[in-house]
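Engineer: Please arrange chain B on chain A, whose structure you already have, making use of the hints.
Here's the letter readout for the chains.
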Amino acid sequence: MRHNAKAIFLFSAALMWAANAPAAERTWRTLDQLTDAEKQIIDTTPVPPRMPEQSYLPEEPYPFSAPYNAEEVGYRVMNFTHMARWSHIMADVFGSITKSGYMSQSTMSGLASYKGKPGPEFQINAEPGDVYSDQLFYYTYPPKNEGEQMMWNLRRTGPEQATKLDYFIYSPSLRRVRRQPPPRRENQFPDSVQSFDDVVGREPWEFTWRFIGADTIYESVRFPKNRPTMTLTKPDGSFFEVNTADLKMLGSEYPSYREDGGVECFVVVAEPQRDWLPDYGVSKLVYWVDKTYFYPLRIEQYDSDGKFTTVQVRFAQRENSALPDGEGYTNNQSVYWDSKLDLTAFSVHDAHKVKGWSEEEQTFFTPDFMRRRWETHPRKSLALVDKPEQFYLRPHLYLDRFPSERKIDIPADVASRIAAQDASGQLVFADEE
Amino acid sequence: MVSRSRGPGRNMLGKSRVSGNSRIKGYSRAAARASRAICALALAAGIATTAQAEGLSDLSLGGFQRKIAVFDPGGRYLTRPLERRVPGLVAKGQYYFSSGVMFQKNDGAGFREKDFRLLQAQNVFEAEFSYRISSKLALTSINHFQYDAVYDIESARGIYADQVDREFEYYDDFERIARELYISYRTPKFDMVVGKQQIAWGKMDGRCIDVINPMDQRESVQLESSDYERRRLPLWMANGTYYFENASVNLLWIPDYNENVNPVYGSPWFSPLIPPTDQMARANKALLNGDVDAGGDRYLLSNSPDWQDIEDHQFAARLDSGIGKLTWGLIYYYAWERNASNEVAGSFVSGPDTQLTFRPNHNRLHHFGVTSDYAWTASSVPVIGNLPMVLRVEALYTTGVRFADANRQAAARGGSMNNGLSEHNTLRAAVALELALPDNLSIILQPSFYMTQNWNNGLGSGFGGAVADKWALAPVFFIEKPIRATRDRLKLTTTVTPYISWPNRGFQGMKTKVTASYELSQYIRGKITYTSYTGGDMNDLYGQYDDYDNIGIEFGYEF
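Protein chains in written order, with my numbering: chain A, 34 to 466; chain B, 8 to 566.
Some hints here could point you the wrong way.
Claimed, not checked - DSSO-like, lysine-lysine: derived pairs with alpha carbons at most 30 Å apart:
| no. | chain 1 | residue 1 | chain 2 | residue 2 |
| --- | --- | --- | --- | --- |
| 1 | A | K150 | B | K488 |
| 2 | A | K324 | A | K413 |
| 3 | B | K196 | A | K388 |
| 4 | A | K388 | B | K143 |
| 5 | A | K148 | A | K324 |
| 6 | A | K340 | B | K488 |
| 7 | A | K132 | A | K388 |
The set of hints was computed from the structure by calculation and includes no laboratory data.
Isolated chain A (complex conformation) (with noise of 0.2 Å):
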């Protein structure tokens, strides 16, 4: 009880200090305290709604040019969804961890294929209910799950064309492919905290966009102290150690760090439009991008009352060395976190090969494939964490940060539990407070 009572104390002395803080000790501004460079590189004047007679798409065609307004930083994230915009095979590790420490975890050999070249432009262009991209995972882990496949054929959706993707599993069990009904889209995985939505991304045109300011990040994906280490593989298979403290959030290779390791963003926001998603479960999404590519360090979600309910946080790495600038980043490592359930989850795509297929190879992406029980290109990860003590740690919140933007609250049990966390460097568990 006095540990708790203490955590409380001190989470609370945090947040009233943050709260306080003269704004030169702070790393967020709003719109009106941008710098002149950063105006050059985004418009802050708002998005005007289109008239019926206008297109749904912006005018400038993609990628556009600088300065960037709200909504073309939308269509710009669209590059950097949860799996990357180019054909490619990938280990895909993932798992979650409760409040009370029950871990489970899993692990996919995954091949996607796409449709034309790298990058968005493709699904941007094509008419609605085309086929983008075709998606095929092989559980590998647990044993339970061993042999059962997903496979998915993303559309582009349309006004009139909600469907986002056919989905296709394959159940050793009943040794039959079944069709299932297309996913609700918020609705998060069994077991998770991620969506399908927050796996396939988001169409920028199904949502309003608006600038609130600018931040400096210093830390997205946080490890545990007793988890100084941990193993990665390779594109050609073979495995390496890495320190996690040596870990950067945009990889090595990305050129616009600060100083003292902070990146700087661009914070923007997104809100449904209700003729295009009008029964959608989250009222609002929060961007953290980065300045250089905009690529999405942070995402917060807020539900239909407006209460924040997640945060999603990443890793990105430069895994298609082809592709110039930052088009050949990628989500390396994600964690999420429920705030209602206090749910934590993380996402890892190791052993990631750029990878394109032969027309004899398409027919990897059809169902009745799956039927045959081929993992046609196993890959091996051994990212998956050993105890439930070395999971990851819970995002940071921010709570001080665009208080008018973000309406957070944390219960008391959940607010000790992640002031214990942040005092121990690892996590605490809800029997052991």
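Structural biologist: Chain B only, in chain A's frame:
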């Protein structure tokens, strides 16, 4: 065709087989019991020791949850070390326990003694190995060791199927233990799998076009889709598939043949409608051996397909394709009946009565099937908003199905000799609509339809047709809800299956199943299932099992 000697082989309903005493060489029944008890004790001791070593004695709930999440002794000490030693090998193990206890322990149900409560206490160990010889070639072996302790636990007079067929108690031959064994050769466009395997055709729950393999149907009406993987009987076959741009063609060549395994005298689910009483049956070796039936008719040796004769082989083909969001498939299967039909082969006089002599025979069937599915999202649905859904359709038309015809048998007894059978075509079809509602609530509505062409009142049962009637409808309702507060570890499902037929029987009862499953960890899961049979008359499909309501506990560990 060959006439099979009594011994290995499966029997249709009413024809039973005395177990081969010579199969357990050197073991007495007592020694077998002792060895099973020792194994059980060793397993329990191993679990306790490992639990201690893994710190599961920590009584804090959170601590227990953290420990159980990573508790995987089979993976840690068996499969993972093996995989490390043998690159290219994938090894998996599974232990599965399922039990069923009836609420009512009567002094009888129809002809059955039914003086027991325990329906099953099955233990299944599965060992699966897959070795990747090259990027295109793999060898797979799946082995099952099954032991149903009900025959040792229950001392009831009504449980004696282990004396009729030892495999109801445990597997003790290569055919059942070596469950699947095949070699696969794969290229992007071509797939060839040769060996003992099982095939599941179809897109929906149930077995509409899932007809390639026979099934172990010892659980009769209690058998569920979730059991098919363990109950389907693999066959030796060659299975080839070629993939075109938008279509695939699958061809099967099946030299092997096996009948369905049906409940036998003394098994918990043997139909209450089949005479004689268990008291009489137990003492009648000829009856249990399938030489005679309760009425005194005799049965000759069964004529079964001969794998050495290519004309006795089975062949099947399947075509799959898609048009936009619609996928469809066509199948054809040149097959044998899974249950032999009893042809009248002669008659004899026994006292004042004329009895018939039957020869169980298998007839050729032609199966023609279709399967399809389509998915879409309905928008602006009141209350719900967007409603994703998928529609699945399947149908199977079978020609040449033979039914025992009581009218023709009566004529044979009266001197007008005929084979006692009549041939009909049958149709079975199903339509399934699956709805994805908010909060991961799933609902499936699946009406299934059965019809026998040119049906008449004297017909027995036959493949694909309705039970004891011309038409039947079984509108299945299924609902599933994972409980988010438990992180979806707790899942509740309900399945309701009424059976309605006409013009004769009408409502033949309803089966209701309610299940709560819980994932203790990624490796360990448990399930409690309540099954009830209500309605219908005592001689109806579900009505005959009116007193068989039961609750079952299942437990599974995969590593």
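Engineer: Give me the numbers of the hints this structure contradicts, sorted from smallest to largest.
Structural biologist: Result: hints 1, 2, 7 break, sorted rising.
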